[in-house]
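A.B. asks: One line per chain: the protein sequences are V and P, in this order. Numbering of the first sequence is given in this note's numbering, commencing with residue 1 and proceeding in unit increments. Numbering of the second sequence is given in this note's numbering, commencing with residue 219 and proceeding in unit increments.
Accuracy of the hints is not assured; some may be wrong.
[To be verified] Only pairs whose alpha carbons sit at most 30 Å apart, straight line, appear in this in silico DSS-like list of lysine-lysine:
no., chain 1, residue 1, chain 2, residue 2
1, V, Lys57, P, Lys377
2, P, Lys350, V, Lys120
3, V, Lys123, P, Lys350
4, P, Lys449, V, Lys16
5, V, Lys155, P, Lys449
6, P, Lys377, V, Lys120
7, V, Lys136, P, Lys358
8, P, Lys440, V, Lys13
9, P, Lys285, V, Lys123
10, P, Lys350, V, Lys16
11, P, Lys264, V, Lys120
12, V, Lys116, P, Lys350
13, P, Lys285, V, Lys116
14, P, Lys285, V, Lys136
15, P, Lys350, V, Lys155
16, V, Lys136, P, Lys290
17, V, Lys120, P, Lys285
18, P, Lys358, V, Lys156
19, V, Lys57, P, Lys358
20, P, Lys449, V, Lys165
[Stated by the list, open to error] Pair ranges (Cβ atoms, derived):
no., chain 1, residue 1, chain 2, residue 2, range
21, P, Ile427, V, Ala89, 53 to 63 Å
22, V, Thr182, P, Lys291, 50 to 60 Å
23, V, Gly149, P, Val314, 32 to 42 Å
24, V, Pro192, P, Tyr438, 47 to 57 Å
25, V, Lys136, P, Ile333, 45 to 55 Å
26, V, Glu197, P, Tyr438, 51 to 61 Å
27, P, Ser448, V, Ala89, 43 to 53 Å
28, P, Glu410, V, Lys57, 40 to 50 Å
If you're looking for bench data, these hints aren't it; they were derived computationally from the structure. Since this is a predicted model, take the numbers as computed values, not measurements. Each residue gets a CB set at the ideal place from its N, CA and C atoms; glycine is no exception.
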Amino acid sequence: MLDKIGIAKRIAKEVKDGMYINLGIGIPTLVANYIPAHIQVVLQSENGLLGIGPFPKENEVDPDLINAGKQTITMMPGSALFSSAESFAMIRGGHVDLTILGAMEVSETGDIANWKVPGKMVKGMGGAMDLVASAKHIIVAMQHCSKDGASKLLKKCTLPITGIKCVKRIVSDLAVLDILPTGGFKLLERAPGISVEQIKNATEGRLVIEGNIPEMQL
Amino acid sequence: MISKVVAGPSEALHDLFDNATVMLGGFGLCGIPENCIAAILKKGTKGLTCISNNAGVDDFGIGLLLKTRQVKKMISSYVGENAEFERQLLSGELEVELIPQGTLAERVRAGGAGIPAFFTPAGVGTEVAAGKEVREFDGKQYLLESWLRADFAIIKAWKGDTAGNLVYKGTARNFNPMMATAGTVTVAEVEELVPLGTLDPNQIHTPGIYVQRIFQGKNYEKRIEQRTVSK
Numbered sequence: 001m002l003d004k005i006g007i008a009k010r011i012a013k014e015v016k017d018g019m020y021i022n023l024g025i026g027i028p029t030l031v032a033n034y035i036p037a038h039i040q041v042v043l044q045s046e047n048g049l050l051g052i053g054p055f056p057k058e059n060e061v062d063p064d065l066i067n068a069g070k071q072t073i074t075m076m077p078g079s080a081l082f083s084s085a086e087s088f089a090m091i092r093g094g095h096v097d098l099t100i101l102g103a104m105e106v107s108e109t110g111d112i113a114n115w116k117v118p119g120k121m122v123k124g125m126g127g128a129m130d131l132v133a134s135a136k137h138i139i140v141a142m143q144h145c146s147k148d149g150a151s152k153l154l155k156k157c158t159l160p161i162t163g164i165k166c167v168k169r170i171v172s173d174l175a176v177l178d179i180l181p182t183g184g185f186k187l188l189e190r191a192p193g194i195s196v197e198q199i200k201n202a203t204e205g206r207l208v209i210e211g212n213i214p215e216m217q218l
Numbered sequence: 219m220i221s222k223v224v225a226g227p228s229e230a231l232h233d234l235f236d237n238a239t240v241m242l243g244g245f246g247l248c249g250i251p252e253n254c255i256a257a258i259l260k261k262g263t264k265g266l267t268c269i270s271n272n273a274g275v276d277d278f279g280i281g282l283l284l285k286t287r288q289v290k291k292m293i294s295s296y297v298g299e300n301a302e303f304e305r306q307l308l309s310g311e312l313e314v315e316l317i318p319q320g321t322l323a324e325r326v327r328a329g330g331a332g333i334p335a336f337f338t339p340a341g342v343g344t345e346v347a348a349g350k351e352v353r354e355f356d357g358k359q360y361l362l363e364s365w366l367r368a369d370f371a372i373i374k375a376w377k378g379d380t381a382g383n384l385v386y387k388g389t390a391r392n393f394n395p396m397m398a399t400a401g402t403v404t405v406a407e408v409e410e411l412v413p414l415g416t417l418d419p420n421q422i423h424t425p426g427i428y429v430q431r432i433f434q435g436k437n438y439e440k441r442i443e444q445r446t447v448s449k
């Protein structure tokens with residue numbers, strides 16, 4: 001079973017040279033740490049920056065430079081700054097190549113729920129609905145099951161959804177899976193030490209298994 | 219050229235009235251009009267509808283106006299990190315409308331640009347779509363969203379001149395440029411007010427036509443929500 005860093009490392013392998021990428025809060029933010037040095041990408045922050053750099057040194061902290069998680073950041077050489085309207089124009093306009101974000105539930109048709117749990121405090125969707133509605137390619141980083149063992153890869157989402165038919169690929173603590181255009185989770189890889197049987201038991205939605213399922217290479 | 223300079227936030231907001239709709243720039247606590255928020259707090263204007271991406275934190279930003287119950291309604295995309303907000307929301311004292319962030323930005327932009335409505339894919343198939351027209355373009359579904367405008371747009375820039383031309387710094391730009399265009403009265407507070415002709419016209423982010431009042435702010439705290447450093 002992968003920990004958060006394992007999930008981030010596996011997702012980093014999906015990143016291709018030259019991509020413009022939006023990383024969500026949590027595990028997706030960690031992905032940036034594991035992108036190989038020979039691959040150059042530009043990270044988009046939806047509050048108005050292309051070219052997120054590393055966290056600043058103590059003496060470089062600038063309150064006027066933060067990411068969408070409100071953390072202080074730096075800018076890479078060649079960065080560009082812009083307004084929120086411009087930022088979402090590039091998101092909705094399909095100019096961002098890859099969106100990586102977390103999820104509480106994903107359905108076998110690619111619906112995603114990650115913004116609201118009824119009965120608990122609702123903090124808002126932020127930019128998640130815009131991102132999932134428009135991204136060319138969406139990879140979801142998530143736990144396969146909840147703490148009490150209930151599957152989060154479902155026939156149909158039970159939580160209020162963030163977007164419909166948008167998720168393309170999932171990297172969970174147990175597996176890598178694609179959402180098939182006709183519906184269903186196609187199993188691509190197993191996490192180290194995890195059997196196909198364990199993944200079957202942890203997946204409520206339709207699981208498609210074809211041939212031998214290799215173990216992930218990290 | 220007519221000078222738009224006023225002495226400070228109280229003069230800039232002298233005609234702000236109860237139940238007004240007010241846009242406030244900023245993302246989190248970055249690029250918020252600190253001086254104007256303090257002036258509204260002091261003035262005690264009530265029943266405000268605030269359009270702002272976030273609602274501040276308990277003791278800073280719009281959070282200060284929530285504490286004094288001056289806000290009737292918040293229109294935002296993300297309102298976490300605020301216990302008083304949560305209390306008022308759950309007790310029904312505060313009305314809240316949550317809007318996808320890109321839709322919020324575009325509705326404000328549309329308001330300033332004279333576009334009453336537009337179609338966006340964000341929120342299709344979700345509870346955001348309730349009661350809204352859905353139309354298909356090239357095989358994909360989109361939601362009809364309408365513009366947002368305000369009685370007052372209150373924004374913060376880095377530098378501004380006496381004609382109201384503005385330049386922002388870093389990610390403190392965020393919602394400020396669109397809000398500048400969507401207020402009946404737009405008030406800009408700046409860290410540095412410079413004489414006419416000082417700013418390079420090639421580098422202006424907000425042309426002065428959108429700004430009615432401008433003043434040099436002071437004592438900026440620029441509080442950081444998540445100070446994150448590397449070794």
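A.B. asks: Taking the hints in turn, state whether each one holds.
C.D. replies: Hints, one by one, checked against the model:
1. This hinted pair checks out: V:Lys57 and P:Lys377 have alpha carbons roughly 26 Å apart, not beyond 30 Å.
2. Between P:Lys350 and V:Lys120 the alpha-carbon distance is near 26 Å, which keeps this suggested pair within the 30 Å criterion.
3. Straight-line distance between C-alpha atoms of V:Lys123 and P:Lys350 comes to about 22 Å, which keeps the hinted pair within the 30 Å bound.
4. With a CA separation close to 28 Å, the supplied pair P:Lys449 and V:Lys16 stays within the 30 Å bound.
5. Taking the CA atoms of V:Lys155 and P:Lys449, the gap is about 45 Å. The hint is violated against a cut of 30 Å.
6. Of the supplied pair hints, the one linking P:Lys377 and V:Lys120 is violated, its CA atoms being roughly 42 Å apart against a limit of 30 Å.
7. Straight-line distance between C-alpha atoms of V:Lys136 and P:Lys358 comes to about 13 Å, which keeps the hinted pair within the 30 Å bound.
8. For the given pair, P:Lys440 sits about 38 Å from V:Lys13 by alpha-carbon distance, which is inconsistent with the 30 Å threshold.
9. With a C-alpha separation of about 18 Å, the suggested pair P:Lys285 and V:Lys123 falls inside the 30 Å cut-off, and the hint holds.
10. Of the pairs offered as hints, the one joining P:Lys350 and V:Lys16 is violated, with about 38 Å between alpha carbons and a cut-off of 30 Å exceeded.
11. Using a Cα cut-off of 30 Å, the hinted pair P:Lys264 and V:Lys120 holds, with the two alpha carbons roughly 29 Å apart.
12. At most 30 Å may separate the alpha-carbon atoms for a hinted pair to count; V:Lys116 and P:Lys350 meet this at roughly 20 Å.
13. For the proposed pair P:Lys285 and V:Lys116, the alpha carbon gap of about 25 Å is at most 30 Å, so the pair holds.
14. Our distance criterion of 30 Å between C-alpha atoms is broken by P:Lys285 and V:Lys136, whose separation comes to about 42 Å.
15. With a C-alpha separation of about 27 Å, the suggested pair P:Lys350 and V:Lys155 falls inside the 30 Å cut-off, and the hint holds.
16. As the CA atoms of V:Lys136 and P:Lys290 are separated by approximately 39 Å, the hinted pair breaks the 30 Å bound.
17. For the hint pairing V:Lys120 with P:Lys285, the CA-to-CA distance comes to about 22 Å; that is within 30 Å, so the pair holds.
18. Between P:Lys358 and V:Lys156 the alpha-carbon distance is near 21 Å, which keeps this suggested pair within the 30 Å criterion.
19. At most 30 Å may separate the alpha-carbon atoms for a hinted pair to count; V:Lys57 and P:Lys358 exceed this at roughly 45 Å.
20. For the suggested pair P:Lys449 and V:Lys165, the alpha carbons sit about 41 Å apart, so the restraint of at most 30 Å is broken.
21. Judged by the Cβ atoms, the range 53 to 63 Å given for P:Ile427 and V:Ala89 is violated: they are separated by roughly 22 Å.
22. At about 44 Å, the beta-carbon gap between V:Thr182 and P:Lys291 misses the expected band of 50 to 60 Å.
23. A hinted range of 32 to 42 Å holds for the C-beta pair V:Gly149 and P:Val314, which are about 34 Å apart.
24. Evaluation of the 47 to 57 Å hint for V:Pro192 and P:Tyr438 yields a pass: the beta carbon distance comes to about 51 Å.
25. For V:Lys136 and P:Ile333, the Cβ-Cβ distance of about 26 Å falls outside the hinted range of 45 to 55 Å, so the restraint is violated.
26. Distance hint check for V:Glu197 and P:Tyr438: the Cβ-Cβ separation is about 60 Å, which falls inside the suggested range of 51 to 61 Å.
27. Between P:Ser448 and V:Ala89 the beta carbon distance is about 31 Å. The supplied range of 43 to 53 Å is therefore violated.
28. P:Glu410 and V:Lys57 have their C-beta atoms about 26 Å apart, which leaves the hinted 40 to 50 Å range violated.
Checked against the numbered hints above, the structure violates hints 5, 6, 8, 10, 14, 16, 19, 20, 21, 22, 25, 27, 28; every other hint is satisfied.
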